[in-house]
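Q: Residue strings, one per chain:
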Amino acid sequence: MTIHLSILLFAPLAFAAIGAVLPHRLAPVAGLIGTLVSAFFGIALLFGFDASQPGLQYVTDDQWITALGIRYKLGVDGLSVWLVGLTTVVFAASALWILVRPVPRARGFVFLMAVAEAAVLGAFCAQDLGLFVLCFDLMLVPFLFLMLGWGGPRRRPATIKMMVYTLVGSLLMLAAAVATAVLSADDAGGSLTFVLSDLGKVTLSTGTQRLIFVAFALAFLIKMPAFLLQGWMPDAYGQMPLPALAVFSAVLSKVAAYGFLRIVLPLFPDATVDFQAIIQILSVVGIVYGSAMAFTQTNLRLILGYSSLAQLSFITLGIFSLQPQGVQGAILQAVTHGLVVAPLFFVVALVAERADGSEDVRHLGGMAVRGPVMATLFVVLAFATLAIPGSANFAGEFYVLLGTFKDSVALACVAFLGVVMASVYMLRAYIRTVHNRVGHEVHGSELSLRDAAVLVPLVAAVLAFGLYPQGALSAGEQSVTGAASTLARVNAAGANGAEAQVTP
Amino acid sequence: MIDLVLAQASAAKAPQIDWAAISPLVALAAGAVVVLMLGLARSRVARTVVVPGATVVAFLAAIGLCVWQWGEAPTSVVSGALRVDDLSLGLTVLICAGGIGAVAMSVGSVTTEDAGHGEYHALLLASAMGMVVLAGAEDLVALFLGFELLSIPLYVLCASEMRRATSLESGLKYLIVGSVGSAVLLYGLALIYGATGTTGYHAIDAAIEVSGFSSDVLLLTGVGLAMTGLAFKASVAPFHQWTPDVYEGAPTAITGFMAVATKAAAFGVILRLFDVALISTATTWAPIMAALATITIIVGNVGALGQSSVKRMLAYSSVAQAGYLLAGVVVTTQLGISATAFYLAAYLLMNVAAFAVLAARERELGHGEGDTLTALNGLGAQRPVLGWSISIAMLALAGFPATAGFFGKIYLIQASVDNGYAWLAVVIVLGSAMSLAYYLRVISAVWAGGEDRDATSVRATTPSGQPVMAGGAPEADEAPAARSVLATRDGDEPGEAGRRAPAAGLGHPLAVGTALVCTLATVGFGLFPQPLFDVAQDAGRAFASLL
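Here the protein sequences come in this chain order: A and B. Numbering of the first sequence is given in our numbering, commencing with residue 26 and proceeding in unit increments. Numbering of the second sequence is given in our numbering, commencing with residue 475 and proceeding in unit increments.
Because the hints were derived from the structure by calculation, they are not lab data. Glycine residues also receive a C-beta, built at the ideal position from the N, C-alpha and C atoms. Be aware that one or more of the hints could be misleading.
Unchecked claim - For lysine to any residue, the following SDA-like pairs were computed, each having C-alpha atoms within a straight-line distance of at most 25 angstroms:
| id | chain 1 | residue 1 | chain 2 | residue 2 |
| --- | --- | --- | --- | --- |
| 1 | A | Lys431 | A | Gly496 |
| 2 | B | Lys647 | B | Val773 |
| 3 | A | Lys226 | A | Ser216 |
| 4 | B | Lys647 | B | Asp690 |
| 5 | A | Lys431 | A | Phe419 |
| 6 | A | Lys226 | A | Asp87 |
| 7 | A | Lys186 | B | Ala681 |
| 8 | A | Lys226 | A | Leu253 |
| 9 | A | Lys226 | A | Val84 |
| 10 | A | Lys186 | B | Leu847 |
| 11 | A | Lys226 | A | Ala210 |
| 12 | A | Lys226 | A | Pro349 |
| 13 | A | Lys186 | B | Gly780 |
| 14 | B | Lys647 | B | Asp719 |
| 15 | A | Lys226 | A | Leu236 |
| 16 | A | Lys226 | B | Asn893 |
| 17 | A | Lys431 | A | Leu442 |
| 18 | A | Lys431 | A | Leu236 |
| 19 | A | Lys186 | B | Gln781 |
| 20 | A | Lys431 | A | Val444 |
| 21 | A | Lys186 | B | Leu990 |
| 22 | A | Lys431 | A | Ile413 |
| 23 | B | Lys647 | B | Gln490 |
| 24 | A | Lys186 | B | Val900 |
| 25 | A | Lys186 | B | Leu904 |
| 26 | A | Lys226 | B | Leu699 |
| 27 | A | Lys186 | B | Val773 |
| 28 | A | Lys186 | B | Lys647 |
| 29 | A | Lys186 | B | Gly894 |
| 30 | A | Lys186 | A | Pro291 |
| 31 | A | Lys186 | B | Ala907 |
| 32 | A | Lys186 | B | Leu779 |
| 33 | A | Lys186 | A | Leu253 |
| 34 | A | Lys186 | B | Val507 |
| 35 | A | Lys226 | B | Ala896 |
| 36 | A | Lys431 | A | Ile306 |
Stated by the list, open to error - Which bits of chain B does chain A cover? Going by a derived footprint, with three or more residues having C-beta under 8 angstroms, they are:
| id | region |
| --- | --- |
| 37 | 876 to 883 |
| 38 | 908 to 918 |
Extracted from the complex, chain A is given alone in its bound form:
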């Protein structure tokens, strides 16, 4: 079956555009159809993907901006195919959520979500640096309007903070991307091109690589967010409307992690090796810090926010172990975290609805009494987050730690702490929400059918994925080996250089 990635990208946008001229009541239906089309293709992509083959599949390659050498080149490989699937599924779930729980002025909301989906999918599929940067920056725009139009009461400062933080990184990345293309063209003597496969043929000088690496890393680490760069996160997580926050946390942060794999590692191998230790330490501290903060927060959104910070640090740690297992684990972890965190935010919405809008665990409690099904679904998600054996998160964290262990035993030991702490904060959040005495404001009730329609499929997907994580792992294998081979070469060169220095 041939799948055009363009259809995947633009189907939601097309349907949302139709929805924009329909009445507010019907717009979510159009939005849902669009995301379902996209999700159908996304899942078909997973089944149609030939894991044994390295390199790109389903390639689209067209002229776009010849003056700048930017091409409209899309394609997926083992690094991105599961993330593409995750994105389409999470957006479809979010669209369903908007349908069953209508938001005010739905046309705008649906349209902005569709723009976000197109941009995220574009970033995952882009095989051209210019296109990637464009999509990476474009992702933020819909969330700017979503937050301003539908956010919480303190949305204005929160929005500006988030945008300024993330865009400082993005703009630096823009300059770095242009510099990469221009300098590569200078080195190779060819014409200007942004196509990744062409850029990969040229290796820039180490000094240049370092500068460009810093710009890219800053953009990605802010977007995740990583430790030290998380200043925008608490406010933004607190004020974003939940259906948007679910996809924001589930997929946008993954684009940043994916950016490391797709762009930084292959294009700037020397700099990657140079900065490996710094990023690893940052990640390990991030794991501990995120977990500790998640334990001290009382707002459910922020617990999840800081937990995401810790999980993203895990992913970064895996990537920068520069070991095939670590990278594979990172991809798996990215997919599973996205799959788990999206329904968790939906659970937060359900919980808040039963507690007069409060998301503070101190006001909650005892929801299991009236809503055992909801509590059960919650516990599945909570256990998946804390990476209980049997969940796909377990496999992901295991691989990440395995890769790190091979690289550095000390770092792996500290990172293990994060696994332990995850169970502490997740169980605390779960127990204080669902067990304990019934909170004052809580008027618990069972999950309604329409809410179940959103939540149950996602939880089922989490469970299914836990039973069979092999798909994502094997899909990533070939590409990871490909990506890691450049690094292996650099490592070997470094080792040889060291030996050469020692020998005489």
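Knowing the structure of chain A, use the given hints to seat chain B on it.
A: For chain B alone, kept in the frame of chain A given last:
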């Protein structure tokens, strides 16, 4: 005696004039005369509808004539005073497009009533003519002629709302500062002439190269003074101080015209003077200009941060944008010229969109109120078209993707990196990052404005009990802004504001339409920029001597 005079007269050859090449200028000049005459008509329809219509026709004719000559081999006309090449033609198109935008914004406004319809539009055309001369000037005399022809009508236009003190103040300030700029420029040009003995650009270049004058103090002083004079006009820091005051006081349509068209003309002349006449002294002036660009970017962006008037904010933003544009001059490559031309085109679209929204808002709220940040509160919910237009314009100015501004920035960055000015690219990027703070304030006012009052209260609970997902109650925010509109509409505010209540009729829809068209073009060129790139590349080839 008479014989002698006749003999001399026949000996003096009139300059060869290629009428086809200067036809855009002719169209504008003829338009100015016709419009001035039409403005004398007694019929009100003739003055309020036909005059703006004729002005637009003149601008369109000039654009058409430029398109007609597009791609032809560059020629020097009028004894080498003017150059007709793709760069000057492209800038002419931009200037005329800015003129059309200004006309569309000013139809039925207080400005044209106060100034007289014929005069207002004739001055607009004359000023555009000066800009066109400036964009093509290849001779110091033509440069100065164009410079004055541009400036003098603009001084008047700024003060054309004669019954509003701020408008008069704006005109006076512009007159004084502009005159100082002109004087400095003239002095500089005189020194350049003194050093090289010629006024033609190519002759100057040849003289500098032959005599090795490139480190001559007289010449360099002249270059410095000329740069200063042009910097006044292009609002390059530290010669930008007039910009916020003049932009704020001038009628919005004129501010928009000044922001886009003057900038295009000023950068046209800077490109041509420095990249043709003074190219062999580039090693001296390029570092200084790079420093100026850096200062301009910083000053503009920092200045814009604290502004509560949107027009002042846009004034400082235009200062910052001038800094980005200077980078295209500094690199002295064809790529730099293409990038500058591209950015000027993108800048025109996004700025006209922003000013058109302000103009439309002024019609709704009265002058002086439509301009503040609070006047934009809740615009997104009330007037979605205006809300989206100004939001997209702001995003484009900040350089967001899927807008023309994004590729403009990419192109400038590419030009900078390509010629070894990577640090300037970083300055551009950091400046853009800083600019987000004030552009986003506008967007947040448009979509979430008027809410700060309940920021301290606990998250409100809607009756349905799901505030978390639904967010704040947007309906509540619309109320205050809507009330103020009604108050103005009722006309029960006394005095000036009452008199300046929205003019009914064609004006408002035209301003909204202008905003919409420019916004769509901004997004359109943001998704499919290739046509604009082709044009910019043609323009870049104008200076064959450059790489």
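Q: Can you confirm whether the C-alpha distance between Lys431 of chain A and Leu236 of chain A stays at or below 25 angstroms?
A: Status violated; Cα separation ~28 angstroms.
Q: Are the Cα positions of Lys226 of chain A and Val84 of chain A separated by 25 angstroms at most?
A: With Cα atoms ~19 angstroms apart, Lys226 of chain A and Val84 of chain A stay inside 25 angstroms; holds.
Q: For Lys226 of chain A and Ala896 of chain B, compute the direct alpha-carbon distance and say whether it is at most 25 angstroms.
A: 23 angstroms, holds
Q: Against the 25 angstroms threshold, does the CA-CA distance of Lys431 of chain A and Leu442 of chain A hold or violate the hint?
A: Holds: Lys431 of chain A and Leu442 of chain A sit about 17 angstroms apart, inside 25 angstroms.
Q: Do the alpha carbons of Lys226 of chain A and Ser216 of chain A lie within 25 angstroms of each other, as the hint requires?
A: 14 angstroms, holds
Q: Compare the distance between the alpha carbons of Lys186 of chain A and Leu847 of chain B with 25 angstroms, and conclude whether the hinted pair is satisfied.
A: Roughly 19 angstroms between the alpha carbons, so the hint for Lys186 of chain A and Leu847 of chain B holds.
Q: Measure nothing beyond the straight line between the CA atoms of Lys647 of chain B and Val773 of chain B; if it is 25 angstroms or shorter, mark the hint as holding.
A: It holds: about 20 angstroms lies between the C-alpha atoms, which stays within 25 angstroms.
Q: When you check the alpha-carbon spacing of Lys186 of chain A and Val507 of chain B, does it fall within 25 angstroms?
A: Violated. Lys186 of chain A to Val507 of chain B sits at ~53 angstroms, over the 25 angstroms cutoff.
Q: Under the criterion that the straight-line Cα-Cα distance not exceed 25 angstroms, is the pair Lys647 of chain B, Asp719 of chain B satisfied?
A: 8 angstroms, holds
Q: With a cut-off of 8 angstroms between beta carbons, are at least three residues of the region 908 to 918 of chain B near chain A?
A: holds (count 6)
Q: Decide if the proposed pair is consistent with the structure: Lys226 of chain A and Asn893 of chain B, CA atoms, cutoff 25 angstroms inclusive.
A: Answer holds: Lys226 of chain A to Asn893 of chain B is near 23 angstroms, not above 25 angstroms.
Q: Assess, step by step, whether the Cα of Lys647 of chain B is no farther than 25 angstroms from the Cα of Gln490 of chain B, and give holds or violated.
A: Given pair Lys647 of chain B, Gln490 of chain B is violated - Cα atoms ~40 angstroms apart, limit 25 angstroms.
In terms of the numbered hints stated before, the structure departs from hints 4, 7, 8, 18, 21, 23, 26, 28, 29, 30 and 34, listed from lowest to highest.
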